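Visitor: Sequence:
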Amino acid sequence: MPIRIQADLPAIEVLESENIFVMTHERANVQDIRPLKIAILNLMPTKIETETQLLRLLGNSPLQVDVELLHTATHISKNTSSYHLNTFYKTFSDVKEEKFDGLIITGAPVEQLPFEEVDYWDEMCQIMEWSKDHVYSVLHICWGAQAGLYYHYGIPKYPLPEKLSGIYNHTVLNPYHPLMLAVSDLAGLHIVASQDGRQIFVTGHAEYDRDTLAKEYFRDVNKGLHPKVPYHYFPDDDDTKTPPFTWRSNAHLLVANWLNYYVYQQTPYDFLQGESQQP
Numbered sequence: 000m001p002i003r004i005q006a007d008l009p010a011i012e013v014l015e016s017e018n019i020f021v022m023t024h025e026r027a028n029v030q031d032i033r034p035l036k037i038a039i040l041n042l043m044p045t046k047i048e049t050e051t052q053l054l055r056l057l058g059n060s061p062l063q064v065d066v067e068l069l070h071t072a073t074h075i076s077k078n079t080s081s082y083h084l085n086t087f088y089k090t091f092s093d094v095k096e097e098k099f100d101g102l103i104i105t106g107a108p109v110e111q112l113p114f115e116e117v118d119y120w121d122e123m124c125q126i127m128e129w130s131k132d133h134v135y136s137v138l139h140i141c142w143g144a145q146a147g148l149y150y151h152y153g154i155p156k157y158p159l160p161e162k163l164s165g166i167y168n169h170t171v172l173n174p175y176h177p178l179m180l181a182v183s184d185l186a187g188l189h190i191v192a193s194q195d196g197r198q199i200f201v202t203g204h205a206e207y208d209r210d211t212l213a214k215e216y217f218r219d220v221n222k223g224l225h226p227k228v229p230y231h232y233f234p235d236d237d238d239t240k241t242p243p244f245t246w247r248s249n250a251h252l253l254v255a256n257w258l259n260y261y262v263y264q265q266t267p268y269d270f271l272q273g274e275s276q277q278p
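Under numbering that gives the first Met the number 0, residues 0 to 278 are what the sequence shown spells out, in order.
Just so you know, these hints were derived from the structure itself, not from any lab. Here the structure is a predicted model, which means the values were calculated and not measured. Mixed in with the good hints there might be a few duds.
Within a straight-line C-alpha distance of at most 20 Å, the following computed EDC-like cross-link-like pairs (lysine to aspartate or glutamate) qualify [what the hints assert, rightly or not]:
hint, residue 1, residue 2
1, 131, 67
2, 95, 67
3, 98, 122
Start from the sequences and build out the full structure, keeping to the hints where you can.
Guide: Here it is in structure tokens:
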């Protein structure tokens, strides 16, 4: 089944070339189907790349998904044109009276700042508070997971002496959990969820493309930051070699399971019209 997005979003051309079923709003309006309403709060500087990555995962599902892209009003993007944001994005004030089946909060390159010093932190807090009774299940990614754990549970982040980057093996903590809660001896906690499944936290970037981590690595190299070669990423730790795309199937399964077990199967049919209902 398709994801439903605006007809001229740049991601459409890429997704259609990969046989991801994309449906425009115009075509979807003639179908008598209630799609899942999923909002994406995109905090990444590379917004178009992140849109494509997340829409690819949302589109690889038998469920019809209606996507709303959001950006923070209290932060001016330096890497995405105002035309793109004004055309394809809304802000929290535009949607705060609406309800959504799911919300994805992405990562952001602000991991070294205290939460309260992030220029859009107050807006983030408003959105996370609003999500408690306007969103059925929230998927937090990377810094978004750190922010969510801190806001909802008071769990602080613990700065490391150097950047942790790479591909890590994980131990499954609960093999019967629909999202496979997992932890790594080297990288720490990876996937954790509230007991009711309405708050999901993923500390890494399963949505990344094959070369996204390489781009970040070479960016840091060019800045003179002398980063370590990402762990278990480049073959033989040789950054001239192409990384294998070993996590792609895991990423698709993770998002598909979230959509199925914690959004589609759990959201009351009339959730978008009625009051929030705890499972």
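Visitor: Look at each hint and say if it fits the structure.
Guide: A quick look at each hint next to the structure:
{"no.": "1", "hint": "131 with 67", "in the structure": "holds, 18 Å"}
{"no.": "2", "hint": "95 with 67", "in the structure": "holds, 12 Å"}
{"no.": "3", "hint": "98 with 122", "in the structure": "holds, 18 Å"}
Every hint, counting from the list given before, is met by this structure.
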